[in-house]
Amino acid sequence: MKVENMSLHPLGTASAPVPELLCIFGTGDLGRSLGLRLLQSGYRVVYGSRRPNSCGPLPEGAQVTSHEAAAQLADLVFICVHREHYGFLETLAPHLQGKVLVDLSNNLKKGIYPEANAAYLQRLVPGAAVVKGLNTLSAWALQNGLLAGKQVYLCGNSAEAKQTVAEMATKLGLTVLDRGSLSAARELEDFPLQLFPEWRLPLCVAAGLLAFFYFYLLIRDVIYAYVEQGKDISFRIIVTLANKVFPIVSLIMLSLCYLPGVIAAFLQLYRGTKYRRFPDWLDRWMLCRKQMGLVALALAFLHAIYTFIIPLRYNVRHKLISLVVDEMKRNKTTPFYFDNTEAWGTDAFFALGILGFFLYVLLGLTSLPSVGGTLSWREFSFVQSKLGHLTLCICTAHGYLYGWDRFIRVSTYKWYTPPGYMLCLIVPSVVLVLKALILLPCVDRALTRIRQGWERTPPEPELGMNKATNL
Amino acid sequence: MKVENMSLHPLGTASAPVPELLCIFGTGDLGRSLGLRLLQSGYRVVYGSRRPNSCGPLPEGAQVTSHEAAAQLADLVFICVHREHYGFLETLAPHLQGKVLVDLSNNLKKGIYPEANAAYLQRLVPGAAVVKGLNTLSAWALQNGLLAGKQVYLCGNSAEAKQTVAEMATKLGLTVLDRGSLSAARELEDFPLQLFPEWRLPLCVAAGLLAFFYFYLLIRDVIYAYVEQGKDISFRIIVTLANKVFPIVSLIMLSLCYLPGVIAAFLQLYRGTKYRRFPDWLDRWMLCRKQMGLVALALAFLHAIYTFIIPLRYNVRHKLISLVVDEMKRNKTTPFYFDNTEAWGTDAFFALGILGFFLYVLLGLTSLPSVGGTLSWREFSFVQSKLGHLTLCICTAHGYLYGWDRFIRVSTYKWYTPPGYMLCLIVPSVVLVLKALILLPCVDRALTRIRQGWERTPPEPELGMNKATNL
Amino acid sequence: MKVENMSLHPLGTASAPVPELLCIFGTGDLGRSLGLRLLQSGYRVVYGSRRPNSCGPLPEGAQVTSHEAAAQLADLVFICVHREHYGFLETLAPHLQGKVLVDLSNNLKKGIYPEANAAYLQRLVPGAAVVKGLNTLSAWALQNGLLAGKQVYLCGNSAEAKQTVAEMATKLGLTVLDRGSLSAARELEDFPLQLFPEWRLPLCVAAGLLAFFYFYLLIRDVIYAYVEQGKDISFRIIVTLANKVFPIVSLIMLSLCYLPGVIAAFLQLYRGTKYRRFPDWLDRWMLCRKQMGLVALALAFLHAIYTFIIPLRYNVRHKLISLVVDEMKRNKTTPFYFDNTEAWGTDAFFALGILGFFLYVLLGLTSLPSVGGTLSWREFSFVQSKLGHLTLCICTAHGYLYGWDRFIRVSTYKWYTPPGYMLCLIVPSVVLVLKALILLPCVDRALTRIRQGWERTPPEPELGMNKATNL
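Residue numbers (the working numbering), protein chains in the order written: chain A, 25 to 495; chain B, 25 to 495; chain C, 25 to 495.
Isolated chain A, as found in the complex:
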């Protein structure tokens, strides 16, 4: 009965169906998309514009008026204007007194202004509560409704203002994270300007290794042939050398992906505790393992395609025809000799390569956010640790089989240098041997205990002391 009475009350009925009115300054792409989205989520929207009568197409259902009028209608104002045009807000300051201003602006480059856009805005309009946030959303994502579950950051000096904005963002389907006071605004403004920060180290390492091995093989192959044998095989630098360098660097990158885990395990064993922090370089290395693995996969992918294309190459076909012609001249009666060992060797080499590439791709697929996200903890660790080490093992065997019987031939060591595939087998072999050591039952048991919190030198005394202090 009471509830029914309430719903008959004029204020009650009015407040329930009439949705909140929000104001947007700026009728550009972002302003329009945001307005569309707010309307779809059940809000009413009023635009503040320089020229309310000719500001282009706006979402259906939105009002448009001057900045002053719009600001007076709503408590929450979205600033979808470039920082360069913030000037007019200073004259509007009296109208914005006590309002919540959401600064969605981004800059084109880092560090072109001494203060963050939001801090500048707060200085222009000191009487308003400025909240920086939602600036990681693109107009495109807003328009196409790709917000569900997306994470956005907020910061601001007023907790109530942040709360208001957070509730609005939640209604839009966003997940909100509070990053503290307005001093974090610069950090938030730098988010959309990031350019693959976690990819830099892996890409640098890969580029360095590629350059080194490319020049090393260039000297050993092309220049050696030119100097010692007077042959011009410079055409090799495009495909042949690339197809040697890519697998070499891919294998090294894959092993670098598993090396820090092994080092960390030995460090924990040595220290007898897991509670001491790893050195900085190791932490940074461990954080970019996924990217290292993906760079390795990309190089393996290139290696695979380069390999598939081999029989189509002019020099390969030329060599095959020369071989037949030579064979015909030399030997006209006995059948062409079939080397069974060679057949076994090359087939095993190819089979290992294919299997390794297959596992590589499998690892890459599980690193897709949407696939990895569906895996349980044990599944993820099974794939990334067990399957990963198996991949490394198979690819290393593929490398050893490539060497085959060439390891002991003197002709392999041109100018007394080892060939590239030998150099690239060092790191993976070390990683595999160390990993095998860790898997020994006695070592494994000690490590498991340490990872569950056991410590070789128990810190009992201090614990007692603290207890005493507290009691």
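Any given hint might turn out to be false.
In this list, chains with the same sequence are indistinguishable; a pair is considered to hold if it fits within one copy or across any two.
To be verified - With a Cα cut of at most 30 Å, we get these calculated DSS-like pairs of lysine-lysine:
#1 Lys410 with Lys133
#2 Lys343 with Lys123
#3 Lys133 with Lys314
#4 Lys314 with Lys410
#5 Lys195 with Lys410
#6 Lys255 with Lys438
#7 Lys459 with Lys410
#8 Lys410 with Lys123
#9 Lys134 with Lys314
#10 Lys298 with Lys174
#11 Lys195 with Lys174
#12 Lys298 with Lys314
#13 Lys298 with Lys134
#14 Lys410 with Lys134
#15 Lys314 with Lys195
#16 Lys134 with Lys459
#17 Lys298 with Lys133
Because the hints were derived from the structure by calculation, they are not lab data.
We have chain A already, so just place chains B and C on it with the hints.
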């Protein structure tokens, strides 16, 4: 103290632990999955069924009774019944007075009924508040808990009813978007019946280009050889022609993917403002760029596989053997001639193709929703704009190298027509030249200013006028 | 007016900006990451530690103190400690009276303890309200903010405690599902220990088929050649046999993926209703169709790479050279004969294989969670049903073309056994024929009616009876 008092109050304690009871009409797949989900989210569920005693397996913990009894127990009723069976609801209307009815129904085809299912339901039960929504959820997704963060639409005439349903949906992990009154119900019912609407245009363009180039090459290659040389090379229409047509159309589709961006930039430069709307055709074109790129990737993928398979083909092996046999007959003493330029040319051609394909795949990967969603604005624009144009550049160079020295040979122009690869280089070359023009410092600066809101003809007067009006 | 009064009230202003304080026991990886996350979401955090003065790096802004002191400060305590160290909680029990304890612990293996960790915790601290949950989150995901929209489970005996935790989790961006009382704790603790449960059946079937066909072909190919012809072709067991077995099993797995759907349709037709449950084996089979399809795709991928590598193999090159040498010796004047039928046959065979593989990959892509999630119901059913059956059809045709004219040759049936590719065509052919039957207009119409709820034997009487009872 006060809080504790309240929690001792019988009503308070009762309301906290006893969860809300919801009613579901229909015990089919959808009804069962929805019930399971509601139970998992902490609701109680009662089913209304034609035959409460033999309605098959229901989720554990749910009650089942007749439609009338179930409707009386709950305030919210889900209608998980096909529209064809809505008839019984008319007789139930008195029992549904004042209830919220959620219509989850879909049809098998568009436009088989004059009014939306939800509108029909509202007509049958005028005393209830009908809310259309959640109909985009499949029974399968409900059962397997794949709802987290998923977006659903609601519409209905009662704001309170929509609010109730929205809260329930939020508890299920869904993100709710309000689409307005019940008149939007038809639109919501058409969502699950969409069949790749945004793919239609790119697929039509691709199909048209494929058909055109296929017949063009059929005439130039197969029919020309038959008419002019009397040779039957009809076997080529399966693989050889396909492997010419796919790369041609792929390259054109990729350039069509970047052409609208270039056109838009020139249009903005010409108009001197970004505030005027693009023509409709350009808007529509820009909205399907992603799909165009993916179609281009699919064709490039087919081209790659067709190429890998070449050495296995009967006619290729036959040609190779014939070549050797001819070589043997002609020349028995001097070694088979090695053309260094040819080796460089083909190797460069293959290397560009491989690199282009690799970048193609990279672009495709970042267009996966889960990968693209983790990129910042600058990363996304780097990948789609810089890497995209680089891909186009490399693939165009791959095409030019294919032509090689054939551009100036007369024998290339059979029946006075240019070969396919020449035709396919036109659009990419135009796009690349226009893009290079835009990247000139002076043009780039003007464009950046325009995109930041600068206008060649400032609309000052109007702004002043508005201000005057408001003050 | 009243509202403004309240916000001026000292308690009101104080409560708004001071965020809630939560307590975390345990300063390991999980504890640290959870604390960081809570701080980012606007909570205050206090750690309870054995050694508050030397517990390693903690997130900035968190306090740390002894367990007792920390417990007294907060109402909600997260237990981020291994079950092995729960002992100290018993002595803390008086301090934890009336608190909500969230048990996030997991075990290393299933079934090593007689009771669930959460049940053990409840027994140690009977006065607290234990909530099991959030244990599926990894420290890594917490730290990197990969929580948005992720689903977590809760269980516990106190509805209020669960509500408190659910609200906290929602603020973190998680989607919460209530799994009932604390008796479900064991189930929740087993979640992170799952190892691909839904992949077991498909992988077992695939492994069984692979083993069978491998040995079957080993006997027919290698052993037959050794026994009957005295030839040693044992090198074939690495690549040649694998490249026969993979496509065979891939095709069978793909058809097994569509067989249950066909069986289900016939069962529904036979029973004349969709309301009777399928037999258990059919249900289980239908639930792992996606995994079966992905295993089939993996094998098809291996088959493709094995095929691309063929021309590089030693024995293939050897065969080619022998062929040329033989040709030269035999025939020196007439040109090498070109078999047009053979050219058509092999080209068609390859084209079908490529197209089939392309569709396979397309099916695999749409089964990615992030891609499949964006498809409407009709799009999903179009891809999985129409495209899926087309793929099966094309791959089966690829198999038939491989057989070509060998089906009727006597030499094909070594030791009176049919070759592998014949055996593998049986199941796909049966599935395609049955599917074609279902697509006949009369059968299709009956099936559609049944799936919309029509029944051959209407259960009217019971419905009437129920109505009578209720009225």
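So, going through the hints one by one against the coordinates:
Taking identical chains as interchangeable, the C-alpha atoms of Lys410 and Lys133 lie at most 30 Å apart only when they sit on different chains, with a minimum of 16 Å there against 43 Å within one chain. In this homomeric assembly, Lys343 and Lys123 never come within 30 Å of each other (Cα to Cα): the closest approach is 79 Å inside a single copy and 80 Å across copies. For the identical chains of this complex, Lys133 and Lys314 are neighbours both inside a copy (28 Å) and across copies (26 Å), given an alpha-carbon limit of 30 Å. For a Cα distance limit of 30 Å, the shortest separation of Lys314 from Lys410 qualifies both inside one copy, at 15 Å, and across copies, at 24 Å.
Proximity of Lys195 to Lys410 under the C-alpha cut-off of 30 Å is found in neither arrangement, the shortest distances being 42 Å within a copy and 35 Å between copies. When the C-alpha separation of Lys255 and Lys438 is checked against a cutoff of 30 Å, the pair qualifies only within one copy, where the shortest distance is 15 Å, while the shortest distance between copies is 40 Å. When the C-alpha separation of Lys459 and Lys410 is checked against a cutoff of 30 Å, the pair qualifies only within one copy, where the shortest distance is 11 Å, while the shortest distance between copies is 41 Å. Proximity of Lys410 to Lys123 under the C-alpha cut-off of 30 Å is found in neither arrangement, the shortest distances being 56 Å within a copy and 41 Å between copies.
In this assembly of identical chains, the alpha carbons of Lys134 and Lys314 lie at most 30 Å apart whether taken from the same copy (27 Å) or from different copies (29 Å). In this homomeric assembly, Lys298 and Lys174 come within 30 Å of each other (Cα to Cα) only across copies, at 29 Å, whereas the closest approach inside a single copy is 34 Å. In this assembly of identical chains, the alpha carbons of Lys195 and Lys174 lie at most 30 Å apart whether taken from the same copy (12 Å) or from different copies (13 Å). Within a single copy, Lys298 and Lys314 get their C-alpha atoms as close as 22 Å, which meets the 30 Å cut-off; across copies the closest is 41 Å, which misses it.
Only between protomers do Lys298 and Lys134 lie at most 30 Å apart by alpha-carbon distance; the minimum there is 24 Å, versus 38 Å within a single protomer. Taking the shortest Cα distances, Lys410 and Lys134 sit within 30 Å of each other only across copies (19 Å), while inside one copy they are farther apart (42 Å). Taking identical chains as interchangeable, the C-alpha atoms of Lys314 and Lys195 lie at most 30 Å apart only when they sit on different chains, with a minimum of 29 Å there against 34 Å within one chain. For the homomeric pair Lys134 and Lys459, the shortest alpha-carbon distance between copies (25 Å) is at most 30 Å, but the shortest distance inside one copy (43 Å) is not.
In this assembly of identical chains, the alpha carbons of Lys298 and Lys133 lie at most 30 Å apart only when taken from different copies (21 Å versus 41 Å within one copy).
When each numbered hint is compared with the structure, violations occur for hints 2, 5 and 8.
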